[in-house]
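Colleague: Note that the protein sequences, when read in sequence, are chains A and B. For the first sequence, the working numbering gives the first residue as 131, with consecutive numbering after it. For the second sequence, the working numbering gives the first residue as 131, with consecutive numbering after it.
Calculated from the structure, these hints are not laboratory results. Hints may contain errors.
Put simply, identical chains are the same to the list, so a pair is met inside one copy or across any two.
Unchecked claim - Straight-line C-alpha distance at most 25 Å; calculated SDA-like pairs for lysine to any residue:
#, residue 1, residue 2
1, 381, 158
2, 279, 482
3, 381, 487
4, 446, 470
5, 513, 494
6, 513, 206
7, 381, 494
8, 477, 226
9, 381, 296
10, 381, 289
11, 279, 481
2 protein chains.
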Amino acid sequence: MRKAFVAATLVLAGLTAGAQQALWGVPQLISPELNPDTTVTFRLIAPGARTVQVAGDFNSSSQANLKRNADGVWEYTTQKLAPELYSYSFFVDSLRINDPSNVYAVRDVATVSNIFLIPGGRADLYAVNDVPHGTVSRVWYDSPTLGMKRRMSVYTPPGYENSTERYPVFYLLHGMGGDEEAWLTLGRASQILDNLIASGQAKPMIVVMTNGNASQEAAPGETHYGLKPPTIALPRTMEGSFETAFPDVVKFIDSTYRTHPDKAHRAIAGLSMGGFHALHISKEYPELFDYVGLFSAAIKPREDTGSPIYTDLDGKLRRQFELEPRLYWIAIGDKDFLYEANRDYRKMLDAKGYPYTYYETSDGHIWKNWRIYLSEFVPQLFK
Amino acid sequence: MRKAFVAATLVLAGLTAGAQQALWGVPQLISPELNPDTTVTFRLIAPGARTVQVAGDFNSSSQANLKRNADGVWEYTTQKLAPELYSYSFFVDSLRINDPSNVYAVRDVATVSNIFLIPGGRADLYAVNDVPHGTVSRVWYDSPTLGMKRRMSVYTPPGYENSTERYPVFYLLHGMGGDEEAWLTLGRASQILDNLIASGQAKPMIVVMTNGNASQEAAPGETHYGLKPPTIALPRTMEGSFETAFPDVVKFIDSTYRTHPDKAHRAIAGLSMGGFHALHISKEYPELFDYVGLFSAAIKPREDTGSPIYTDLDGKLRRQFELEPRLYWIAIGDKDFLYEANRDYRKMLDAKGYPYTYYETSDGHIWKNWRIYLSEFVPQLFK
């Protein structure tokens, strides 16, 4: 018997660390290194480089110079950083690259950046913690209104699989050029939900992350169009199609998942273009949602599109507020290029006497703010 | 009303191509470009570089030199390539980087590489085609035997959500250092299943992709250990724990999904370490699986571990083959470092008179072969 089991000379479990590196091609370099004092050290081996820089949201995208140390390794240590999820890139002789030592990289529209997380404070909501985890699914549904099968991401809360309970549903929409992956990558939606549910701050809920580009079946790379580069310039964007077809999504969710299919158990929110969508969908179907969130919303007249979605805003908002949504929540950063448009929209709501809650942060049109808004909005739902 | 909707000066839908680039930071360069004659052109803008090379499985990892063209763009065009999913990296003055123009990159253990796909032939099984798509979920389950909650990937076939049908289950295991993501990324499991089911070559089935590292709750980055670099050198690998705990997985699946919970409707297969696991799990629990697949399996004596899983192989195989599994399928490449060990194992099966099917390919211990084996194995199941 043993004879039959001649061990191969290079047995898998006997690989040395050196052989492992050769086999998998990864240099033994730690980058980024999260230091105990909350500074972060970036490292790169680039023998031929004349200059190496690092830039990201940790340094407002200014380029910091790495210096070659005695071992020939390029290195840079940041100031102390506040708890946050950060993204960054290296620049080697001006060529933008990802950090070869950091396998954690996420795509945002058409750019891939590396990420790291400084724990503590609110950033602990963005980390995977030792708590029960929900299920995250990529699901295809039929949209007869758009005439296509489309892909969505669905978060079901811990325990969903082996219970008979019904749950409320939160529809969470992405920004322009984004897709059904966006809230799961830089948005950290599943981590935020897991953590808020575990601490009792949020009710267990289903979160539905659709694809808001009406011309697109699914995220780039996930359709029969192949591995083509993503583009922000998609046709049929903010011209009424997505809003018109939204009941297809709600119908699919209510017929597929154990939901409470009523207004009191439905929320909708979105960032940027998704905030625009949340505004128009919630007023177009005022009987659907009791909770509405506009995160850095693109407040923008679109009557020029000819879509009936954008006509009679006055009348539709009146009906929406007559039905008294339990929460109409507007959030924006004080440096957002959409700040003025949001202020004007709030003035209009004020003039009409429509109640809403306003939440202002610093900074602009960035993921840091959208993670904050998500983690502020979710605890207010379905209470 | 219109007054309230003052458009922001930089309106989202009005961004020019140039502004989009600036905002999202992506240069307008096509790389890789798939040419009509099935050659592929790689391009890189690297003004400071002295040498730029490209290497991948399309050129057996030899480094091909890109040349600077008249526009200052580094460029290289391959020979005609056969249909296949390929991965590659650039080397700029010896620094290994990903292609900044290609956002499609996958992690294999601790290495991130870019991918592209030349369509045609078998490679069409690896592409997302215009066919019904199954759902892919990341699900956490309880493993009392290992004393932890663990993560798996689950593929449910098209139509699963809105039917009452029961389905057979195929357990698909990864190799050393891999995790529950491996078969979904370079393995193209969901595309292969979608396409084979759509063409009628495979029965609709549930595919369960567990994490085979008994010390690991989930893929790197998906646990409370944080965004630490992945490692191949994990404790509790191939020492009996995973095999011992496997009934926890089957129990969870049969209690959570609409399965046919019997031997005739269960298959198990794995690559490399996963083939080793499939061998031992299928003989340890001979009443569970009617279909067994060993893909480039690590045939390796492990009695030294002291685990009862690896004792009495003779007796356990005898019981397994007495129960007459409908398919015992062994596949390997003729240049695989495990080729001899697999030949010896087959000789032993021959000597005992245990029936099996053998499938040999060219090449070695590589993903190209594992995709082939998966697409050959699946059509033989549950018929």
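Colleague: Taking the hints in turn, state whether each one holds.
Modeller: Each hint, compared with the structure:
In the homo-oligomer, the alpha carbons of residue 381 and residue 158 never lie at most 25 Å apart, since the shortest distance is 51 Å inside one protomer and 40 Å across protomers. For a Cα distance limit of 25 Å, the shortest separation of residue 279 from residue 482 qualifies neither inside one copy, at 40 Å, nor across copies, at 52 Å. Neither within a single protomer nor between protomers do residue 381 and residue 487 lie at most 25 Å apart by alpha-carbon distance, with minima of 29 Å and 47 Å respectively. With identical chains, the CA atoms of residue 446 and residue 470 are at most 25 Å apart within one copy only, with a shortest distance of 23 Å there and 74 Å across copies.
Taking the shortest Cα distances, residue 513 and residue 494 never come within 25 Å of each other, neither inside one copy (30 Å) nor across copies (58 Å). With identical chains, the CA atoms of residue 513 and residue 206 are never at most 25 Å apart, being 47 Å at best within one copy and 60 Å at best between copies. With identical chains, the CA atoms of residue 381 and residue 494 are never at most 25 Å apart, being 35 Å at best within one copy and 49 Å at best between copies. Taking the closest pair of Cα atoms, residue 477 and residue 226 never come within 25 Å of each other, the shortest separation being 43 Å inside a single copy and 54 Å across copies.
In the homo-oligomer, the alpha carbons of residue 381 and residue 296 lie at most 25 Å apart both inside one protomer (16 Å) and across protomers (24 Å), since each shortest distance falls under that limit. Within a single copy, residue 381 and residue 289 get their C-alpha atoms as close as 23 Å, and across copies as close as 16 Å, so both meet the 25 Å cut-off. Neither within a single protomer nor between protomers do residue 279 and residue 481 lie at most 25 Å apart by alpha-carbon distance, with minima of 42 Å and 53 Å respectively.
Hint violations for this structure: numbers 1, 2, 3, 5, 6, 7, 8, 11, all remaining hints satisfied.
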